[in-house]
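Visitor: Each chain, letter by letter, is given below.
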Amino acid sequence: MKPKFVVGGLVILLALGYMIWAGVTQSAVYFVTPSELTASPVAGKAYRLGGLVTPGSLKWEPRTLDLTFTMSDGRATVPVRHKGAAPDLFGEGRGAVVEGQWTADGYFKASLIMAKHSEEYKAPHDTQEAQSKKLIQTLEAPAR
Amino acid sequence: MIPELGTGALLVALALCLYGAVMAGLGARRGRTAYVESAQHAALAVFVLVTTCILLLVYAFLTFDFSVRYVATNTNLGTPFYYRITAVWGALEGSIVLWSWMLTLYTLVVVLRHRTSARELYPWVLSVMLSVIAFFLLVMTVAAPVFARSMPIPADGRGLNPLLEDSGMITHPVALYLGFTGFTVPFAFAIAALVTGRIGDFWITTTRRWTILAWYFLSLGLLIGGWWSYHVLGWGGYWAWDPVENAAFMPWLTGTAFLHSVMIQERRRMLRLWNLALVVLTFSLTLFGTFLTRSGVIASVHAFTQGAIGVFFLSFLALVVLTSLALIAWRWDALGAQGVLDSVVSRESAFLLNNVLLVAAAFTVFFGTVFPLLSEAVRGIKVSVGAPFFNQVNVPLFLSLIFLMGVGPLIAWRRASLDNLKRNFLWPVLIGVVAALVFRLLGVRSTFAVLCLALTLFVGATIAVDLIRATRARRAMGERTLPALGGLLLRHNRRYGGFIVHLAVLVVAVGVTGSQAWSVHTETTLQKGEQTELAGYRVRFDGLRETPESNHGKVTGFFTVVAGRGTGDVLEPAKKFYPQEQSPIAYVDYRLGFIDDLYLVLGDFARDGSHATIKMQVNRMVSWIWIGGLVLTLGTLLAVLPERRKAT
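If you read the sequences in order, they're chains A and B.
If you count the first sequence from 1, you need to add 413 to reach our numbering.
If you count the second sequence from 1, you need to add 184 to reach our numbering.
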């Protein structure tokens, strides 16, 4: 091998490593439950929040396209706001995962809602935390 | 009856597969043709048996035989005829059946084509193919038993996943699986080459068409998958860097690298080790993809199953990788390169760089896909990287690849002289640079779009330069322009087939660029009779209608285009309500165009039809992606035509 090719290969490798590192740090999304989020919310950080849509909390305003609801894991409750109609599988008492940011005004601003069949998410009880974890895992970002 | 018949056939097929795999190997070692012929008969019998299984399954679906659990969970009395056939591969168990059947089909073709032409390698190829089939048959009988009985027999089935009630479901899985399974053939030849020690170029030249075919079907599968996502899922996109998509994209990337690197081996006797590694990697990635999507490790839209299957696939994957590595280590001394790289500015290094970039892209996709698992295992917190990561990392790689697509086919072998560079690239580079400036002046903001379009024109120009020059040379010999061009394409079908495939990639690239850079969308609630406007299209909401369908209810919204292209057209996006599902499924409507698509999704609505929320998108140049698929088909057809003699 000529030194030129070795140097070239190293340059490519370094560039690739840098791109991956930069890509990960800039687009990391943290998976959290409502309790984890309320314990240490960081405004502006990208989160994927998984939990149950609290029954009775859902409000939809077709004129302004404001969708508000709260998400809970049995211990903590997080208010969520979204602009736009809810996706098909979304509903009260069902599991959902929302992606977005925590705002300094004390609510979660969702940019993307992913909903899930409720049969795969049971009502919160003792093991609720483990279950929201599981729920999040079953919900890798689908269509956006 | 059917569960017992099917299971029986599968077990016999499994036994025959194992027998054939062993006999073919023994026959090769001891030089006994009778053994190999016996293995051949076993392979034929396996084909017949697996075909019978798939036909039994089709029959069970058509006759609503709910004693088969798979039928009961994937269809019901209301499922239309057409979708009862596609339901055969609508879920995990059936898709494994389809996969195995294609493998047996490929094995049959290998037997027919290569039993005399590839003497030394053939018995081992047969042995490897039968072993792979045996694995899938094992999965079908143990991990995901497709013919399991339902107890008690239900009166009606659960029904097919409504998202799969689409015409894309007949072509998408078939094309994708033909691609996945197709890579088994070059893999089997590579293993046979390693075992026999005939690691020269024979296995490469023999499998050239196989690789092209597998690559083509995989490409087609990906494109049809994009089309399905675009017109069924209702989010207006065709690619989401979803783990399932990535699972199919990774072998495509390494397969593309393989397709190019074999040319270097054929021509310059280099990269022997690299080629073997690439084909093993590609085959392993097809298995890894199935593991990812079917084990529930990283679930997503497509990953509708979880179970024992993960362990099976991971074990087989480990077996494949370790065996291949051991064989490569065994033949290490013979694998040294014979040719050497002479210069950085040469066709060899352009191809080499193309390979490095493609494998790098495959690695980044792999890394991003398994990142949540890694971070969970290492740091205990689940962190994912979404589409922004994949785009950010891959865009520079893909732009470089497009550039190399222009350089590679024209630059000289060994060492390109300044004269060679000037002769081939002066005009294309000028055209690319001028195009970039013009796009900037025209007000194209996105640097990505400017670069991609300029590079596309550069590559297009290199293809034109080559064609014009070759046609001129023929005309100088007295031929007319058109016959000269036609003769050129047919006589050098491999080269020009490749060029047309490159052209297809450019067309797809333009579609992706256009849709990423210029698509617009809005969401709004309209009262009956009210209008909304987006990018020159004005749409009026005319009300709702509720209709019963064979297996679901449907609420359709009527939207009339009152200004813009297609004025007067009525778009009918709907929501379908399936009794077996708790939530409605959106049914999008669209008008496709060369420049842009109008795309409507019915969001929320008032039951009385007084108002409805609509998601409206104007997606630019998406059609180019589908057109690219057609061009790709033409190019591939030309490339796999039997080669003509070079002498004129």
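Each hint should be verified, as a subset may be incorrect.
Pulled a few chain B residues facing chain A out of the computed Cβ check, cut under 7 Å [unchecked claim]:
#: 1; residue: Pro346
#: 2; residue: Leu347
#: 3; residue: Thr507
#: 4; residue: Ala510
#: 5; residue: Asp526
#: 6; residue: Phe550
#: 7; residue: Gly564
#: 8; residue: Lys566
#: 9; residue: Ser568
#: 10; residue: Val569
#: 11; residue: Val577
#: 12; residue: Thr709
#: 13; residue: Ala770
#: 14; residue: Asp788
#: 15; residue: Thr797
Derived contacts from chain A toward chain B, CB cut-off under 10 Å, selection only [to be verified]:
#: 16; residue: Ala441
#: 17; residue: Val455
#: 18; residue: Pro492
#: 19; residue: Arg494
#: 20; residue: Lys496
#: 21; residue: Leu502
#: 22; residue: Glu512
#: 23; residue: Asp518
#: 24; residue: Tyr520
Hint data in this document are derived by calculation from the structure and do not stem from the laboratory.
The C-beta atom is built at its ideal place from N, Cα and C for all residues, glycine as well.
Visitor: Each hint should be assessed against the structure and marked as holding or not.
Guide: The hints, checked one at a time:
| no. | hint | verdict |
| --- | --- | --- |
| 1 | Pro346 | violated (10 Å) |
| 2 | Leu347 | violated (10 Å) |
| 3 | Thr507 | violated (28 Å) |
| 4 | Ala510 | violated (26 Å) |
| 5 | Asp526 | violated (9 Å) |
| 6 | Phe550 | violated (11 Å) |
| 7 | Gly564 | violated (11 Å) |
| 8 | Lys566 | holds (4 Å) |
| 9 | Ser568 | holds (5 Å) |
| 10 | Val569 | holds (5 Å) |
| 11 | Val577 | holds (5 Å) |
| 12 | Thr709 | holds (4 Å) |
| 13 | Ala770 | holds (6 Å) |
| 14 | Asp788 | holds (4 Å) |
| 15 | Thr797 | holds (5 Å) |
| 16 | Ala441 | holds (5 Å) |
| 17 | Val455 | violated (13 Å) |
| 18 | Pro492 | violated (21 Å) |
| 19 | Arg494 | violated (15 Å) |
| 20 | Lys496 | holds (8 Å) |
| 21 | Leu502 | holds (5 Å) |
| 22 | Glu512 | holds (8 Å) |
| 23 | Asp518 | violated (23 Å) |
| 24 | Tyr520 | violated (20 Å) |
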